[in-house]
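Residues per chain are reported as follows:
Number of protein chains: 2
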Amino acid sequence: MAALIDKENWFAESEVMWPGQRFSLKVGEVLHHSRSAFQDILVFQSETYGRVLVLDGVIQLTERDEFAYQEMIAHLPLFSHPEPKRVLIVGGGDGGVLREVARHACVETIDMCEIDAGVVEVSKKFFAESTATAYGDARLTLVHADAAADPAVAAALARRQTPGGWPGYDVIIVDSSDPVGPAETLFEPAFYDSMRAALAPGGAVCTQGECMWLHLPLISKVVSACRDLFPTVEYAYTCVPTYPSGQIGFIMCSLDESRHALVKPVRAPVGHLQDQLKYYSPDVHAAAFVLPPFAERELRK
Amino acid sequence: MAALIDKENWFAESEVMWPGQRFSLKVGEVLHHSRSAFQDILVFQSETYGRVLVLDGVIQLTERDEFAYQEMIAHLPLFSHPEPKRVLIVGGGDGGVLREVARHACVETIDMCEIDAGVVEVSKKFFAESTATAYGDARLTLVHADAAADPAVAAALARRQTPGGWPGYDVIIVDSSDPVGPAETLFEPAFYDSMRAALAPGGAVCTQGECMWLHLPLISKVVSACRDLFPTVEYAYTCVPTYPSGQIGFIMCSLDESRHALVKPVRAPVGHLQDQLKYYSPDVHAAAFVLPPFAERELRK
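These protein sequence lines are chains A and B, in that order.
Per the numbering used here, the very first residue in the first sequence carries number 1; after that it's consecutive.
Per the numbering used here, the very first residue in the second sequence carries number 1; after that it's consecutive.
Looking at chain A on its own, in the form it has when it is part of the complex:
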């Protein structure tokens, strides 16, 4: 991946999924570079965005703006649910989604299925002060497996699905990378179908849903497939300066058929949590579903 850092010390993102445009960050120091069983893992200290995690040449997070993503992908589904107790996180190895889920006192169990143990290890080492802060949470069960295809996951989920005991997940959050590489199958209808089967009544799914400026046909295809599986399907977005085109969306599906399911929060952050949050608020929640007409026309049809 050294080729991605030029001789003036600029890291340039690989642009497989966004041809013709490129975002770069000035590198202070490369802190880590390895190849796991699944992908290339790079961590560097940037000059103006804190530490940066890069997988397969694509920026996953910077310490300066990660909150805009982590808060939204976690709190949009969690504050849409009256009392989420059982949560599954797919992906999210950097720990940021886990950090946000752990902030909900009502959550009793957090299962996490991250394909790449290498990402978790690297994050615990280099992002211990930012995203990887909740790996010690007593509610967490961490499994390393392919959530979409690996029999180990089926087994992990089955453990939760034994008759008479496990009522299903209230919220499933899929914090995946792009559908090029290890996360490809996470954008397939079959995976959404397996998530539906693992939900408790009224449960909801929130997945990394790419960027409306770049991948509207892909988003439209997944949203349309989800409409055959769930009574409520919505698309929301957040703004993250270091993601391609500065924006990323969420495909959200719920078993709750009521009119404002997902788009209006039914709980709100209070006290200390309210002060901690930098991007999420109940008003931001509702506004995140308001799409410009160019996207609205494509996704609501």
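Warning: the hint list may mix true and false statements.
Copies of the same chain are indistinguishable here, so a pair counts whether it falls within one copy or spans any two.
What the hints assert, rightly or not - Simulated crosslink set (DMTMM-like; lysine to aspartate or glutamate; CA at most 20 Å straight-line): (1) 278 to 298; (2) 125 to 137; (3) 278 to 296.
These aren't lab readings, by the way, just hints derived from the structure by calculation.
Mind docking chain B on chain A? Use the hints.
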């Protein structure tokens, strides 16, 4: 400016105002490059964003995403006003704001004050099919002068301020470049004060307000100064992938003191206009003022 296009034909934006980060577009062909009396003007055909206008090394517009900026800076103030008849555009030489203003049938006069005749000429030549479509509008009076400092502008405005005739502008839109270079004085309180004096009762101002991710202290300073001048001051934003950090905001000031002035539209696009708009809608209007807490805390205090 040739140094900004590397030997692999990538144009990289100059990063004076956003150190440590850089956005690049792949160049198909350079169509124009000149130096006007005020600034460096570059036009190129990009591989994936259509034609691109660059001033002093900073992207002003691409044909692929310009609508997200032009529609919002124009329609936020225009649809907040019950019947805007007299509109002043400061800057906006590419013609995009003029195109949007001209879509309002109730507008009777459009004065435009663009410092650089070179930008207008270049835009008429290279963006005749996209932004520079309304320069032939019979309602338009175009003046080339410095709106903040040049006596010619004072004269132009005075023409409108003669006793017994001119009631003032209903809407003033300031589509300026960044406060480094010719637009610097447009971010000073004195300029906001002169705009206030040129407004009709209930009139409003909407100015290019930089990016909350990059320039919150600058925005906060201008917003705070405006609060001493106007009863209503708000900040809204839009998402533009090719602007730094993918987002740009608007500082809006109104002489209307009512509770929802600016933040709720009082008119809505209908018929053909409704179909034409790609970014603006009444719901997008309201959502544009909903800021994430990290910005809200800084600007509302």
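Checklist entry - Under a CA distance limit of 20 Å, which applies to residue 125 and residue 137: within one copy, between copies, both, or neither? => result within (17 Å within a copy, 62 Å between copies)
Checklist entry - Quick one: residue 278 to residue 298, C-alpha cut-off 20 Å, is that within a copy, between copies, both, or neither? => result Cα proximity of residue 278 and residue 298: across copies only (11 Å, versus 30 Å in one copy).
Next on the checklist: Cα distance capped at 20 Å. Does residue 278 pair with residue 296 within a copy, between copies, both, or neither?
Outcome noted: between (27 Å within a copy, 9 Å between copies)
Every hint from the earlier list agrees with this structure, and none is contradicted.
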